[in-house]
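Colleague: Going down the list, the sequences are from chains A and B. In this text, residue positions in the first sequence follow this note's numbering: the first is 1, and each later residue adds one. In this text, residue positions in the second sequence follow this note's numbering: the first is 1, and each later residue adds one.
There's no promise every hint is true.
Stated by the list, open to error - In the BS3-like style, the derived pairs of lysine-lysine whose C-alpha atoms are separated by at most 30 Å in a straight line are: (1) A:Lys73 with B:Lys130; (2) B:Lys130 with A:Lys74; (3) B:Lys130 with A:Lys94; (4) A:Lys144 with B:Lys146; (5) A:Lys70 with B:Lys82; (6) B:Lys130 with A:Lys135.
As the list claims (entries may be wrong) - Reference listing, derived: stretches of chain A covered by chain B, where coverage requires no fewer than 3 residues with Cβ under 8 Å from a Cβ of chain B: (7) 97-103; (8) 163-177.
I should point out that these hints are in silico values taken from the structure, not numbers from a laboratory. By construction, the Cβ of each residue, glycine as well, lies at the ideal position given by its N, Cα and C atoms.
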Amino acid sequence: MQINKIKTEIAEMLSDVFDGATIMVGGFGEAGSPIELLHGLIDHGAKDLTIIANNSGNGRVGLGALIGQKQVKKVICSFARSAKGITFQELYNKGEIELEVVPQGTLAERIRAAGSGIPAFYTATAVGTPLAIGKEEKIFNGKKYILEEALNADFALIKADVSDRYGNLTFKKTARNFNPIMCMAAKQSLIQVRKLIEPHQTNPENVITPGIFVKKIIEIDNPIIETNAIEEGMIYP
Amino acid sequence: MTKKNFTNAEKGWERGVIASKIANDLPHASYVNLGIGMPELVSQHIKDDREIIYHSENGLLGMGPTPNENEIDFDLINAGKKPVTILPGGSFCHHADSFSMIRGGHIDYCVLGAMEVSMNGDLANWSTGKGIPAVGGAMDLVAGAKNVFVMTQHLTKEGKPKLVEKCTLPLTGSGVVSRVYTDYAIIDITKEGFKIVEINENLSIEYLQTVTEGRVYQ
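Okay, chain B solo, but in the shape it has when bound (with noise of 0.2 Å):
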């Protein structure tokens, strides 16, 4: 069952208010990696009762925020290869460490966007099936992070649903996700479907309905 395009979609929660509901959700002292792009923004409403520790790829943990422009380093990156800082108490390692971390089960909580969601938890969001494949660090994280958290709007730019049955493009992992966060909702992946956590205080169910892919359910 493919959906049509809902081009007159409901306006649905700010990104700011989606980042603060999974900064909510991040307990004290759990060690995070946060995907490039709108996942970033969840480290700008975590709440001064928790301290969490970000994780990047490149071999940084303890990563701090965005420097001044006069203390701007090209070898202190992110994953994104944009200039950061160090917060007291981070430290540097080299990449097999650095993804020892991920793999090796320690981190505790991944953010990621994504371009399909499933029922089963398999995620797509490395590949369009065009341009040149190039993935990062993107399967080690859902492989191997203990909470796979998925960022994203609900619908694609041209209003399709982004929480499907199945996945029509290529995966990212399978079964990896545990909860979604969209503009809509906050649904957990459980065995008998999208379960909702919490939906926009201005949606109905049954408009949630319309705008998934599968069952939704309270």
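Bound conformation, chain A alone (with noise of 0.2 Å):
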């Protein structure tokens, strides 16, 4: 019998999501954000979640659509304001919906660390700013760092450009951004992928994320991309 953990419908992709879930996101703004997942992810209806992202949607699609559901509770991300962002704004601002504010190079330490087995680390970002409030102190070599611990999840959603049956992802240019060490930080990373391919394919040379990362994968070949669904007015679900 061979390993296979390609899937062919989304709902069998999230089977396992339960309601209060810590989900990752990947993706910087619309580079890299799994949508359709994000949509599946509403189908499926799991509440209460807390999402770990570095942004917080555009419109009513991907991201922002599930935080227009009501879906999240809790936002951990860098950069909550954009443009295009309608659905966080709201519940924010009628204190429906917690933000944690983390800088962004902290936010994928933390998600490197929680893949590493490294329970926290010092650093120097954000010494002497109010985002170091409650956090301990150490002084290394005369200078100042504060801890921060790593952030698990239960599951991460993910967009990849290639794979194999095994998991071995590529991804396309800055698409990568938070995608390889979320699927290292989650319980279950799960892959939509433009196109398949066979493993004797795989260039192991050319492979950013070892399939061990990997848990889930379904091909999406042609992904909604986020500026034109906005631009023609869509609105998920």
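Make one complex out of these two single chains by using the hints.
Modeller: Shown next as structure tokens:
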């Protein structure tokens, strides 16, 4: 019997998701954002989710749509402001969604640490700022650092470019961003890819995320482009 | 000491002039991160005697200029989420590696905007204390880059000094700024105060002092 992580239905990808889950969502803005999996999560209906992502969504597509459905109780991100952001802004202004602001590099490192078995680390980022309040301080070689804890997640929703059935992933250009480290940090990383290939077609030298970090894969060969979808007035569901 | 608003402030250098002064101070072969907005202008003023490599926080080293309309790829964007290009010799990496370039002290220069800069080099540029708080990569850049340059107008839109004795807005970093480029002057942050490196040819030191909180000296 062969290992095969490929699924054909989005519902199958999300079958283990539960109410109250912590879910990482890959992407930086729209680049690498797993829009079809996010729409699948709306169809799934899980509630009280904590979302870890760099941003908080645009329009009523993808992450913006999920937040608009009031399935999210908390967002952990570096930049929750956006010209095209609607849903997070509405709920935040009404006090109906929590926000934890994390400096972008600290966010990336907390995710990387979680995937590498590092429970916490010291960093100079944010020392002396409001984001250091309540955090342990320590001096190394005469310089002040603060303690930051790893960010773990139950699931990661990821968009990659190409995969084989083992989950050996490559990414496209700057759509790589948070995706590889989120694959490592989540208990289950759920990947939508533009193209599936046979294992013998995978060049081991070019694999960015090795399959050990991947749980399930689905092919979405013509994914929604967020900018175009918003311009065309798309609203999900 | 809070200064009044200067409603009839003197006209200073145009943005392009400030950008070219910064461009002249970036040495050949530097790895540079330019903040979103006004600092992006710096790349247009680099002379042919040097090659600068631009870093974008979202995993792009060797960033090129804005693409033509027909070459736009929404999977190739900068930290401001605008379409860009990649130059020959450029590379992509994931976010933790990209921020290791910053936090690990590998970026030689970053150029950022400012709301306030204090005499001891504190920078406030991420929050007015109102609206949704959003920090992005600013705190990582000021904590990690080898040199932090600020590019800003000397006065706010309301005519208030941005160079102050002590910042009143939430800090981005403490004691992190090395040099400030404004439309009025180039100023180094020193223990003695704001040291004038170059002053706008149309302005006097006395005028610069009146539009700056805290000691200005030459």
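Colleague: Verify the proposed pairing of B:Lys130 with A:Lys74, using a straight-line Cα cut of 30 Å.
Modeller: 20 Å, holds
Colleague: Quickly compare the C-alpha distance for B:Lys130 and A:Lys94 to 30 Å and report which way the hint goes.
Modeller: 15 Å, holds
Colleague: Report holds or violated for chain B covering the segment 163-177 of chain A, Cβ cut-off 8 Å, minimum 3 residues.
Modeller: holds (count 7)
Colleague: Under 8 Å between beta-carbons, do enough residues of the segment 97-103 of chain A, three at least, approach chain B for the coverage claim to hold?
Modeller: As far as the segment 97-103 of chain A goes, the hint holds, because 4 residues have Cβ atoms under 8 Å from chain B.
Colleague: Has the given pair, A:Lys70 with B:Lys82, been kept, meaning a C-alpha gap of at most 30 Å?
Modeller: The hint holds at about 29 Å.
Colleague: What's the verdict on A:Lys144 and B:Lys146, does the C-alpha distance respect the 30 Å limit or exceed it?
Modeller: Holds, because 16 Å separates the two Cα atoms, which is no more than 30 Å.
Colleague: Tell me if the straight-line CA distance from B:Lys130 to A:Lys135 falls inside 30 Å.
Modeller: 23 Å, holds
Colleague: Does A:Lys73 pair with B:Lys130 here, judged by a C-alpha cut-off of 30 Å?
Modeller: 22 Å, holds
Of the numbered hints listed earlier, not one is contradicted by the structure.
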